[in-house]
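Asker: For chain W, the structure is supplied; the task is to place chain C on it using the hints.
Number of protein chains: 2
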Amino acid sequence: MNRTQLRHQDVLDEHAHSWSPDEARTRFRSGVSGPTAGCAAGHTQANLISVPADWAYEMLLFCQRNPKPCPVLDVTDAGSWTTVLAPGADLRTDLPRYRVWEHGELVEEPTDVLAHWRDDLVSFLIGCSFTFEWALAEAGVPLRHLEQGRNVSMYVTNRQCRPAGRLHGPMVVSMRPVPPEHLAAAIRESSLLPAVHGSPVHCGAPDVLGIEDLTRPDFGDPVDAGPDDIPVFWACGVTPQAAVMASRPPFAITHAPGQMFITDARDEQYRVA
Amino acid sequence: MNRTQLRHQDVLDEHAHSWSPDEARTRFRSGVSGPTAGCAAGHTQANLISVPADWAYEMLLFCQRNPKPCPVLDVTDAGSWTTVLAPGADLRTDLPRYRVWEHGELVEEPTDVLAHWRDDLVSFLIGCSFTFEWALAEAGVPLRHLEQGRNVSMYVTNRQCRPAGRLHGPMVVSMRPVPPEHLAAAIRESSLLPAVHGSPVHCGAPDVLGIEDLTRPDFGDPVDAGPDDIPVFWACGVTPQAAVMASRPPFAITHAPGQMFITDARDEQYRVA
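One line per chain: the protein sequences are W and C, in this order. Position 256 of the first sequence, counted from 1, bears residue number 256 in the numbering used here, the numbering being contiguous throughout. Position 175 of the second sequence, counted from 1, bears residue number 1175 in the numbering used here, the numbering being contiguous throughout.
Since the hints were derived computationally from the structure, they do not count as laboratory data. Incorrect hints may have been included.
As the list claims (entries may be wrong) - Now the stretches of chain C that chain W is said to cover, found in silico as 3 or more residues with beta-carbon under 8 Å: (1) 1095-1108; (2) 1144-1155.
Claimed, not checked - From the derived model, a few chain W residues whose C-beta atoms are all more than 10 Å from chain C: (3) His103; (4) Asp112; (5) His116; (6) Ser191; (7) Pro194; (8) Asp213.
As the list claims (entries may be wrong) - As a list, the in silico EDC-like pairs of lysine to aspartate or glutamate whose alpha-carbon atoms are at most 20 Å apart: (9) Lys68(W) - Asp54(W); (10) Lys1068(C) - Asp1229(C); (11) Lys1068(C) - Glu1058(C); (12) Lys68(W) - Glu1268(C); (13) Lys1068(C) - Asp74(W); (14) Lys1068(C) - Glu268(W); (15) Lys68(W) - Asp1074(C).
C-beta atoms are modelled at their ideal positions from N, C-alpha and C, and glycine is treated no differently.
Same shape as in the complex, but just chain W (with noise of 0.2 Å):
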């Protein structure tokens, strides 16, 4: 076992859906690092983009315009690394691992950002689908990546988003396989939950969205799925990153794909009914 490996154990440990999100992220910030699906349970989780200030109103427009992968759930003040989803926390150290862009290739992976910030940076925090798997469990859900101790499965797919400016790129979406008997649970559960991306875009044959093979997810880790189920494909807050490999702004920071910022906001709240 690398240290990764070992590492994604360190967060997937069985006390990890008990922590605080305080405790969730004073661990990160350590410098411990994983996917966090099952971690804090019932608390919020958001994806990450930092732009500069010349490409914020453009990101924003092109969330406004993809509201189902890129559900905005705070937005900072150009420079800060703070939040209203999480006060007294700090952007730049409390994920567990981080993504550095220029022109839109990746050059670095670091479990925190410090050396890499600059004033200008406005950042986005995004809706996260680890956020419904509460709901999909209270509703007797199953969920394969979590029995299995991974990350969900992701993937790009053939569906363009709606461009903003100078950004554009393809959707990408979280897949869970769900038994047929469950889909209705999965499809209800997640739709009360606009701000996390809510409803799925696709269940079934993954072709329909340019999606060759589901065992070679673009990020993330494969899935065992259960003789009988049915592909659900979310639409998931990594597409701002596939926007940013695709429209190459000079510079970007984001969270790791399935690596989130855990917020002290509840999952409730942003439920609709």
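Answerer: Below, chain C without anything else, positioned relative to chain W:
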């Protein structure tokens, strides 16, 4: 009956509910004006605010930070008067009545803004509670303002929006008197349409919102309540106008309160579940 009242009657005639969106816009383009509550059944209505590009990021951020009053349905490119919500429509002519603002002061209320248009205007179309009135009516909730042939009552509240850069101001609400036996349906049905303000922000005593006298609305008409009716307050898309008054950008164009842009979109497509 003066000319304005006569025109109100034009809009609120017995056939207005069955107009197609295009029919409605064609009438408004020809100069007919008046409140659009009850027009073009089942089609999504929108508030308009157009600001110079220099203010667009702050307006979009203001909307993101205040999603209950300011749910964004579309944002145009600078200078464009078209929207994906109604291909072929002209945002400069197709609303019943506009307001033109200079440095936070209302300077004119024309029925088109062809003479005021600027190449740097970015237009925001924001969800309107008239949209969920169809769902309320179908659920049996009486709509007093429609029964009385009036515009809805709107009030400036004592709740400050979360500011965004130079933009700040109070939340505006619309109020509908609801009989107690219909309160649950009114809350349930509106909750399922978060893109058009969603659930109420308050029910009952108006002084909680700093509203002293329900018979003297800040915008729209006073509406007579039944003896047991409970006043129900929803966040209102006139809120960006209140922000314009408070924040005084050099120039802005908005709709006149209650005189909305009627889109081709179907209310159903904004329904969560």
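Asker: Give a verdict on every hint.
Answerer: Hints and how they fare:
no. : hint                    : in the structure
1   : 1095-1108               : violated (count 0)
2   : 1144-1155               : violated (count 0)
3   : His103                  : 23 Å, holds
4   : Asp112                  : 27 Å, holds
5   : His116                  : 23 Å, holds
6   : Ser191                  : 5 Å, violated
7   : Pro194                  : 6 Å, violated
8   : Asp213                  : 33 Å, holds
9   : Lys68(W) - Asp54(W)     : 24 Å, violated
10  : Lys1068(C) - Asp1229(C) : 24 Å, violated
11  : Lys1068(C) - Glu1058(C) : 17 Å, holds
12  : Lys68(W) - Glu1268(C)   : 16 Å, holds
13  : Lys1068(C) - Asp74(W)   : 14 Å, holds
14  : Lys1068(C) - Glu268(W)  : 16 Å, holds
15  : Lys68(W) - Asp1074(C)   : 14 Å, holds
When each numbered hint is compared with the structure, violations occur for hints 1, 2, 6, 7, 9 and 10.
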